[in-house]
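K.L.:
Using the hints, position chain B against chain A.
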Amino acid sequence: MQRLPATPVFLERRSYRQRRMMDAIRLLPLVGLLLWLMPTLWATSDGDGVEPVRMSQAIVYVFGVWVCLILCAGSLWNYLKNSSEDAIDVEFGVKTEPK
Amino acid sequence: MASINLLIVVCLTYVAFLFLVAFAAERAAARGRGNWLRSPLVYTLSLSIYCTAWTFYGAVGYAARSGMEFITIYLGPSLVMIGWWWFLRKLVRVGRTQRVTSVADLISSRYGKSNVLAIVVTIMAVIGVTPYIALQLQSVTLSLSIFSDPTGTTDGGMNLVSAGFWVALGLSLFTVLFGTRNLNANERHNGVVIAIAVEAVVKLVALLAVGIFVVWGVAGGISEMMVRIDNSDIGQWQVDGSRWTALTVLSGAAFLCLPRMFQVLVVENDDERHLHIASWAFPIYLMMMSLFVVPIAVVGLDLLPENSNPDLFVLTVPLSQGQGGLAILSFLGGFSSATSMVIVATLALSTMVSNHVVMPIWLSFQGHGATVSGDVRNVVIFARRVSILVIIALGYLYYRVSGGSGALAAIGLISFIGVAQFLPAMIGGIFWRGATRVGALTGLLVGFAIWTYTSLLPSFGADIVLSSSLLEQGPFGVEWLRPQALFGIKGIDPTVHAVLWSLMLNTSGFIFGSLVSFPKPLERLQGAQFVNVFANSGHAHGWSGSAAQSEDLMVMAQRILGGAEAQKLFRREAQIQGHDRYLPEPTPDFLQRVEREMSASVGAATAHAMISQLVGGASVSVQDLMAVADESAQMLEYSNQLEAKSSELLDTARQLRDVNAKLTQISVQKDAFLSQISHELRTPMTSIRSMSWRNSSAVTR
Numbered sequence: 001m002q003r004l005p006a007t008p009v010f011l012e013r014r015s016y017r018q019r020r021m022m023d024a025i026r027l028l029p030l031v032g033l034l035l036w037l038m039p040t041l042w043a044t045s046d047g048d049g050v051e052p053v054r055m056s057q058a059i060v061y062v063f064g065v066w067v068c069l070i071l072c073a074g075s076l077w078n079y080l081k082n083s084s085e086d087a088i089d090v091e092f093g094v095k096t097e098p099k
Numbered sequence: 001m002a003s004i005n006l007l008i009v010v011c012l013t014y015v016a017f018l019f020l021v022a023f024a025a026e027r028a029a030a031r032g033r034g035n036w037l038r039s040p041l042v043y044t045l046s047l048s049i050y051c052t053a054w055t056f057y058g059a060v061g062y063a064a065r066s067g068m069e070f071i072t073i074y075l076g077p078s079l080v081m082i083g084w085w086w087f088l089r090k091l092v093r094v095g096r097t098q099r100v101t102s103v104a105d106l107i108s109s110r111y112g113k114s115n116v117l118a119i120v121v122t123i124m125a126v127i128g129v130t131p132y133i134a135l136q137l138q139s140v141t142l143s144l145s146i147f148s149d150p151t152g153t154t155d156g157g158m159n160l161v162s163a164g165f166w167v168a169l170g171l172s173l174f175t176v177l178f179g180t181r182n183l184n185a186n187e188r189h190n191g192v193v194i195a196i197a198v199e200a201v202v203k204l205v206a207l208l209a210v211g212i213f214v215v216w217g218v219a220g221g222i223s224e225m226m227v228r229i230d231n232s233d234i235g236q237w238q239v240d241g242s243r244w245t246a247l248t249v250l251s252g253a254a255f256l257c258l259p260r261m262f263q264v265l266v267v268e269n270d271d272e273r274h275l276h277i278a279s280w281a282f283p284i285y286l287m288m289m290s291l292f293v294v295p296i297a298v299v300g301l302d303l304l305p306e307n308s309n310p311d312l313f314v315l316t317v318p319l320s321q322g323q324g325g326l327a328i329l330s331f332l333g334g335f336s337s338a339t340s341m342v343i344v345a346t347l348a349l350s351t352m353v354s355n356h357v358v359m360p361i362w363l364s365f366q367g368h369g370a371t372v373s374g375d376v377r378n379v380v381i382f383a384r385r386v387s388i389l390v391i392i393a394l395g396y397l398y399y400r401v402s403g404g405s406g407a408l409a410a411i412g413l414i415s416f417i418g419v420a421q422f423l424p425a426m427i428g429g430i431f432w433r434g435a436t437r438v439g440a441l442t443g444l445l446v447g448f449a450i451w452t453y454t455s456l457l458p459s460f461g462a463d464i465v466l467s468s469s470l471l472e473q474g475p476f477g478v479e480w481l482r483p484q485a486l487f488g489i490k491g492i493d494p495t496v497h498a499v500l501w502s503l504m505l506n507t508s509g510f511i512f513g514s515l516v517s518f519p520k521p522l523e524r525l526q527g528a529q530f531v532n533v534f535a536n537s538g539h540a541h542g543w544s545g546s547a548a549q550s551e552d553l554m555v556m557a558q559r560i561l562g563g564a565e566a567q568k569l570f571r572r573e574a575q576i577q578g579h580d581r582y583l584p585e586p587t588p589d590f591l592q593r594v595e596r597e598m599s600a601s602v603g604a605a606t607a608h609a610m611i612s613q614l615v616g617g618a619s620v621s622v623q624d625l626m627a628v629a630d631e632s633a634q635m636l637e638y639s640n641q642l643e644a645k646s647s648e649l650l651d652t653a654r655q656l657r658d659v660n661a662k663l664t665q666i667s668v669q670k671d672a673f674l675s676q677i678s679h680e681l682r683t684p685m686t687s688i689r690s691m692s693w694r695n696s697s698a699v700t701r
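Chains as they are written, first to last, in this note's numbering: chain A, 1 to 99; chain B, 1 to 701.
Same shape as in the complex, but just chain A (with noise of 0.2 angstroms):
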């Protein structure tokens, strides 16, 4: 009753690696979150005698986080993509240990 069906200690090396893309997808809206409040640090233009963040870096910078967002995005779908299908069929604890 207690025994759970046994995960693998060993992945073969494609899947090890699909699981790691798939950490690193649940991992981005972290990234993205943690990156966007960084502005809630910058000096606003009542602070004591710090120069203000001007208006175009803080565009350069929210956009920017932005792009990269979309773009880890969008490759890491790319990637799970072209080898989901196998991912599902994939034997485990099969294979040899990766390197």
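Derived by calculation from the structure, the hints in this document are not laboratory data.
Certain hints may be false.
Beta-carbon label-pair distances, calculated as ranges [said to hold, decoys possible]:
| id | chain 1 | residue 1 | chain 2 | residue 2 | range |
| --- | --- | --- | --- | --- | --- |
| 1 | B | Ala-672 | A | Arg-14 | 54 to 62 angstroms |
| 2 | B | Arg-654 | A | Val-31 | 52 to 60 angstroms |
| 3 | B | Glu-648 | A | Leu-71 | 50 to 58 angstroms |
| 4 | B | Gly-170 | A | Arg-14 | 52 to 60 angstroms |
| 5 | B | Gly-322 | A | Arg-19 | 53 to 61 angstroms |
| 6 | A | Lys-81 | B | Lys-568 | 30 to 38 angstroms |
| 7 | A | Lys-81 | B | Asn-660 | 53 to 61 angstroms |
| 8 | A | Lys-81 | B | Ser-639 | 26 to 34 angstroms |
| 9 | A | Arg-14 | B | Lys-568 | 36 to 44 angstroms |
| 10 | A | Val-60 | B | Trp-166 | 41 to 49 angstroms |
| 11 | B | Thr-587 | A | Leu-71 | 47 to 55 angstroms |
| 12 | A | Arg-14 | B | Ser-639 | 23 to 31 angstroms |
| 13 | A | Leu-71 | B | Phe-382 | 48 to 56 angstroms |
| 14 | B | Val-390 | A | Arg-19 | 47 to 55 angstroms |
It should be emphasised that the depicted structure is a prediction, and the values quoted were computed from it without experimental measurement.
Beta carbons: idealized from backbone N, C-alpha and C, even for Gly.
P.N.:
For chain B alone, coordinates are given in the frame of chain A:
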């Protein structure tokens, strides 16, 4: 300069074009040639109803007033889409397996198909979204007025109120025509979806065109534009950190909870893979929509007189430069964003109202509603059409009463906070099996009350609903209960304050209520099925079917699903059950399937009520519950049993083999023994016999 008459002609032509597109799409889908209607591109574009007239006009106004803060409204949804794996994946799967028709249906279905919850969510959604619909009407009429008076300072002599009326009428006509054509929400509204996809393209193109004109036509290039931005009034970073964070979170939450977003994200979703593509494609759309907002705002602040309305810079900037054509394009963009939002929002709301408010009332009036004759389909469709008209009328009324005042962004934000109150019940329902109906109800009501008190009522201004003394000193002079400074915490921005307290207390109420209450059997079953949606897409609960008769079921299903559809379902089921008769046995499996099909038309709670009327109310017995309560555990147990059995078999087989080998060996030994013994015995026996024979013959002789 474009005259108002020309504008109206363009507008009508555009609307006629949309009708045509929607009609063609419906035709193509009806003939089975509608595959292209369901491409990932159309799905992504249909998500763009998130960008309403608030985006189109309001974002520029917002940027002109408070700089970069406007962008948080797009950052939240981008993060939600990019993080599809966390939440949307599960939401879409749940929506598809449970055949959910709306956000109210989702919540009610999760918490034991509770009708009370469905009604509460429906009412909250209607109250939350009505100002938003009013906002769209306001923006369309405002933009019309600008063409008769480009400075935007007066009403321009045009009858705005009647313009608003005609817009509202046209929109309700479109929604009724294409939104209530088919009843089953899972059959999807091809015409509407394709129309909003077209509108999505129009508004993007329009905003990009104005942006490109402003950057390259007025400012003279990117670097010049940047210099101009830095030298303008909004050239320095002036965003309040708490607002930035709160608005990002809020917009992400609203993206999931807005009834219209739920409609296109989950209900109209045709293929889960489309979601994967939209996860990066939709952020691109959002990014392009916000790309030129700051430049337009800056140029507008530069070129136009002090008192002009920044919400209309998208129109007034091209007009002031003598670009009549561009202004008309931009007007069409704004018109598109307003109309697509109103259409989908009313569609989603009318589904909720008809399924969760009208149908239960109608059923209870009918007494034994499910067994009387008559076509329920007509009732549902009629209810839906009336709801559409009522909702748009409410929006129009709100617009008339509020007098079209206030900045667009402020109204939109209040609406966002209202619908974001669904979030705890939604997330909790999908990820936490311990969430109960009482908890969800507590959370929703607390959140809604705080939203009303801290955000909605104060928004009307002092001395309209809440007296200024109440706003200043709190009710009965209790400082701690001041609407915009609860618990004596002053100095927070009102929006942040409302988001913080409403969501925090909502979540606390939800968790506390869930912890202290005990769920009913059906709730626990539904909870297990929602939370473990990926582990098993199997059956949640059993109807004890013996009481229901197949004929009754057939009659009822026909009235809701339509004759052909119901007959197909029953015939297929009979085949699955393996007999030639037309009517299948009312097995629990079959009853559940019928209920699920029906819930796609009338909502989970109503479908459940109708079936339970036929079956006799006993939906879940304790035995059923015991049997299926913990499906995963049960499956685990089953597989363990199988495993144990197979290893037992292996053992037996091995023992058999051993015994067999031993037997063979013994048999060989036996043979050897016998052959040896026979030799050993026969020889002396023979000699003894011959000896005794000789002796005996010697004796006789």
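K.L.:
Hints first: check each against the structure and report whether it holds.
P.N.:
Against the structure, the hints come out as follows:
Restraint check, B/Ala-672 to A/Arg-14: a C-beta distance of roughly 60 angstroms satisfies the suggested window 54 to 62 angstroms. The beta-carbon spacing between B/Arg-654 and A/Val-31, approximately 55 angstroms, falls within the hinted interval of 52 to 60 angstroms. Evaluation of the 50 to 58 angstroms hint for B/Glu-648 and A/Leu-71 yields a pass: the beta carbon distance comes to about 56 angstroms. For B/Gly-170 and A/Arg-14, the hinted distance range of 52 to 60 angstroms is satisfied, since their beta carbons lie about 56 angstroms from each other.
Taken as a hint, the range 53 to 61 angstroms holds for the pair B/Gly-322 and A/Arg-19, whose Cβ atoms sit roughly 59 angstroms apart. For the hinted restraint 30 to 38 angstroms between A/Lys-81 and B/Lys-568, the CB-CB distance of approximately 34 angstroms keeps it satisfied. Between A/Lys-81 and B/Asn-660 the beta carbon distance is about 55 angstroms. The supplied range of 53 to 61 angstroms therefore holds. Checked against the given bound of 26 to 34 angstroms, the beta carbons of A/Lys-81 and B/Ser-639, roughly 32 angstroms apart, stay inside it.
A C-beta distance of roughly 43 angstroms is found between A/Arg-14 and B/Lys-568, which places it inside the suggested range of 36 to 44 angstroms. Taking 41 to 49 angstroms as the suggested C-beta distance range, the pair A/Val-60 and B/Trp-166 conforms, at roughly 44 angstroms. For B/Thr-587 and A/Leu-71, the Cβ-Cβ distance of about 52 angstroms falls inside the hinted range of 47 to 55 angstroms, so the restraint holds. One distance hint, 23 to 31 angstroms for the beta-carbon pair A/Arg-14 and B/Ser-639, holds here, with the actual separation near 27 angstroms.
Here the CB-CB span from A/Leu-71 to B/Phe-382 is close to 50 angstroms, well matched to the stated 48 to 56 angstroms. Checked against the hint of 47 to 55 angstroms, the C-beta distance between B/Val-390 and A/Arg-19 comes to roughly 51 angstroms, which is consistent with it.
Consistency note: the structure conflicts with none of the earlier hints.
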